[in-house]
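> Note that the protein sequences, when read in sequence, are chains A and B.
Sequential numbering from 1 applies to the first sequence in this note's numbering.
Sequential numbering from 1 applies to the second sequence in this note's numbering.
Hint data in this document are derived by calculation from the structure and do not stem from the laboratory.
Any given hint could turn out to be false.
What the hints assert, rightly or not - According to the in silico footprint, chain B covers these stretches of chain A (three or more CB under 8 angstroms from chain B):
id, stretch
1, 182-192
2, 196-203
Unchecked claim - A few chain A residues facing chain B, derived, Cβ under 10 angstroms:
id, residue
3, S131
4, N133
5, D176
As the list claims (entries may be wrong) - Here's a subset of chain B near chain A, in silico, CB distances under 7 angstroms, partners left out:
id, residue
6, N49
7, V52
8, T60
In this text, a Cβ means the ideal position worked out from N, Cα and C, and glycines have one as well.
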Amino acid sequence: MGAVMVVINSGNDIEWRRRTTKKQIGIWLGWLVGISIVLFAWSVISEKTVWFFVQDAPRQAADIGSRMIPPKWSYITELLVPVWDTINIATLGTIIAMTIAVPVAFCAARNTTPHNSVRAIALFIIVSSRSVNSLIWALMLVFILGPGVLAGTIAIGLRSIGFCAKLLYESIEEIDESQVEAVKATGASNIQQMTYGILPQVLPTIAGVGIYRWDINIRESTILGLVGAGGIGLQLNGSINTLAWTQVSTILLVILVTVFISEWVSAKVRGAII
Amino acid sequence: MLKLSALTKRYDTGDLALNQVDLEIPDAQVLALIGPSGAGKSTLIRCVNRLVEPTSGSATLNDINLTKLSSRGLRKSRRKMGMIFQEYALVERLTVMENVLSGRLGYVGFWRSYFRKFPKDDIKEAFRLLDRVGLLEMADKRADELSGGQRQRVGICRALIQNPDLLLVDEPTASLDPKTSRQIMRLINELCSERGLTAIINIHDVLLAQMFAQRIVGLANGEVVYDGKPEGLTPEVLTQIYGEEDWTATIEKVDEEDEEE
Numbered sequence: 001m002g003a004v005m006v007v008i009n010s011g012n013d014i015e016w017r018r019r020t021t022k023k024q025i026g027i028w029l030g031w032l033v034g035i036s037i038v039l040f041a042w043s044v045i046s047e048k049t050v051w052f053f054v055q056d057a058p059r060q061a062a063d064i065g066s067r068m069i070p071p072k073w074s075y076i077t078e079l080l081v082p083v084w085d086t087i088n089i090a091t092l093g094t095i096i097a098m099t100i101a102v103p104v105a106f107c108a109a110r111n112t113t114p115h116n117s118v119r120a121i122a123l124f125i126i127v128s129s130r131s132v133n134s135l136i137w138a139l140m141l142v143f144i145l146g147p148g149v150l151a152g153t154i155a156i157g158l159r160s161i162g163f164c165a166k167l168l169y170e171s172i173e174e175i176d177e178s179q180v181e182a183v184k185a186t187g188a189s190n191i192q193q194m195t196y197g198i199l200p201q202v203l204p205t206i207a208g209v210g211i212y213r214w215d216i217n218i219r220e221s222t223i224l225g226l227v228g229a230g231g232i233g234l235q236l237n238g239s240i241n242t243l244a245w246t247q248v249s250t251i252l253l254v255i256l257v258t259v260f261i262s263e264w265v266s267a268k269v270r271g272a273i274i
Numbered sequence: 001m002l003k004l005s006a007l008t009k010r011y012d013t014g015d016l017a018l019n020q021v022d023l024e025i026p027d028a029q030v031l032a033l034i035g036p037s038g039a040g041k042s043t044l045i046r047c048v049n050r051l052v053e054p055t056s057g058s059a060t061l062n063d064i065n066l067t068k069l070s071s072r073g074l075r076k077s078r079r080k081m082g083m084i085f086q087e088y089a090l091v092e093r094l095t096v097m098e099n100v101l102s103g104r105l106g107y108v109g110f111w112r113s114y115f116r117k118f119p120k121d122d123i124k125e126a127f128r129l130l131d132r133v134g135l136l137e138m139a140d141k142r143a144d145e146l147s148g149g150q151r152q153r154v155g156i157c158r159a160l161i162q163n164p165d166l167l168l169v170d171e172p173t174a175s176l177d178p179k180t181s182r183q184i185m186r187l188i189n190e191l192c193s194e195r196g197l198t199a200i201i202n203i204h205d206v207l208l209a210q211m212f213a214q215r216i217v218g219l220a221n222g223e224v225v226y227d228g229k230p231e232g233l234t235p236e237v238l239t240q241i242y243g244e245e246d247w248t249a250t251i252e253k254v255d256e257e258d259e260e261e
C-alpha cells in the first residue's frame, strides 16, 4: 500500500519516520552500488585514453581556432542554396511526419484507439521510428534513393513520426473526458465526438509539437549532408576533409544564425498558439 | 413518459450503484433526485442515456426501450435527451456559439458539422436560446472566458437546442455560488414549464430541490427510499436518505423560504 511509513508509539512519546529501517538501508545500498559503477567506468575510460593526446588538446584546439579566423566571408554565396535545402528538408520532413503522426497518435491513445491490435501496431510504428537516428535513416535512404535532398527529407520525416506521435498520444490520453461525454450525449457520431470533443482539446498540442519538432529538425538536417543526404552538412564535410578551416568557421556561423532564427520563429509561433 | 423498471448497475469493481430501481415519470414533471454522494444519482441518469451501460433492467422513453437500442438507434434517441452537467462540460476551446450548436450534432452530417455549416434554422434557434438566457452578446466568446453561471447557461442552451423530450440534469449547481445556483435552477424550471419538458435533476442541495421540484425521489445505496412531495421531507425521511443528523435547521430554512415567496 503506497508509501511505508513508521510510527513508533511508546507510552506518551510518538515518533514518525518516513521509511522503515530496512528500506532506508536498501536506498543507501542503491546509492553505494550506483556510485561504485560510475567510479569503475571512470577508471576504465581513463585506462583506454591516451593521455598524451589529451594533454595536447588545448594546444590543438587553439591551433584549429586560429586557422578558422577570420572566416572566409566570400564563401557565404556558395552556402545560400545548401542552407535553403536544409530548411526545406526540415520543413517538408516535419510536415510529412505530422501528417502521419496525427492519425497514428489517435490509434495509439487508449481512449481513441479503434481496437487494441491497432494500438499495438501504432505503438510499434512509434517505437521503431524513434529507435533509429535520422542520420542512420539517411544513410539507408541514400543507398535506396540515391544522394540528395529527397533522402534527407524522408529521413527527417521517418525519425520525427515517432517523436510527434508519442507526445500527441500522451496528450490525447490526458484530455478532459467530460467534454467528450457531453458531445456524446447529444447523439453525435464517433467521428463527430472526435472533431468536437477531442480535437479542440489537442489542437494546441498538435501545433506546439509540430513547431518544436521543426525546430529540432533544422538542427538535425544540418548534419545529414555528412552522409550525402543534402543540405549544408555536405559543404561542412567537404571543408573539414580539405582542411579549409576558414570555410568551416563560416559554415558554423551560418548554422548558428539559422538555428537562432528558427528558435525565434518557433518561440513566436508557440506564443501565438497558447 | 420515462419508465425505469428494475434498473440495475453493477460496476466492474463490484460496486452495486443501482439496485432494482423502479420509477415512472409522467410528461412535463420536474423531479429532483437527492441522496448522499455515491448513492447512484449520477449513475441513474447516465443509465438512461447510456453513457453508462446498465447491467440489467430497462429504461423506456415514450415506448422506446432505450436499453435494447443498437448504437445507431441509441444516437437517434440521445437527440431527444438533453443533458446538463455539474462542471458544465463545455468544450472549453470552442466558442459559445459552437458549443450551443454542438447540441445539433445528432441531426447534422459529419462534413456539415466539421465546416460549421449548420442549417439556418439551427443558427436562428441558437441565437434565440442565447437571447433567452441573456448571453446573446457572448456568442462569439470562447467558452473558457465565461464565468460559472454563464457557462451553465450555455450548457442549458446546448441541451435545449436538441429539442429534447427529457432533460437529464447532473448536479447543475454544485460548482456555483448560492445566488447563481438559484438563478440557474429557476431558469431550468421555467424552461421546463415553457416547453413541457420532463426533467430529472440530481441535486445535493435539499433546499433548492424543495423549492423547484414537483416531486422528490431520495436515493440511498442505489435504492429508492423516498418518493413523494417536497413537503414530505421530514427529519425522519432525511435521516433515512442521508443518515443521522440534526435536520431541524434544514427544515426551518425551508419554511422561511416559503414565507418569502
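> Now, for every hint given, state plainly whether the structure supports it.
Against the structure, the hints come out as follows:
Only residues whose C-beta sits within less than 8 angstroms of a C-beta in chain B count toward coverage, and the stretch 182-192 of chain A has 10 of them, enough to reach three; the restraint holds. Counting residues of the stretch 196-203 of chain A whose CB lies closer than 8 angstroms to any CB of chain B gives 5, which reaches the minimum of 3, so the coverage claim holds. About 34 angstroms separates the beta-carbon of S131 of chain A from the nearest beta-carbon of chain B, more than 10 angstroms, and the hint is not met. Hint status for N133 of chain A: violated, given a least beta-carbon distance of 36 angstroms to chain B, over 10 angstroms.
Evaluation of the D176 of chain A hint against chain B yields a held restraint, the C-beta minimum of about 8 angstroms falling below 10 angstroms. Using the Cβ-Cβ criterion of 7 angstroms, the hint placing N49 of chain B at the interface with chain A is satisfied: the shortest such distance is roughly 6 angstroms. Of the supplied interface hints, the one on V52 of chain B is violated, with its beta-carbon coming no nearer than about 10 angstroms to a beta-carbon of chain A, more than 7 angstroms. Interface restraint check: T60 of chain B against chain A, minimum CB-CB distance 18 angstroms, threshold 7 angstroms, status violated.
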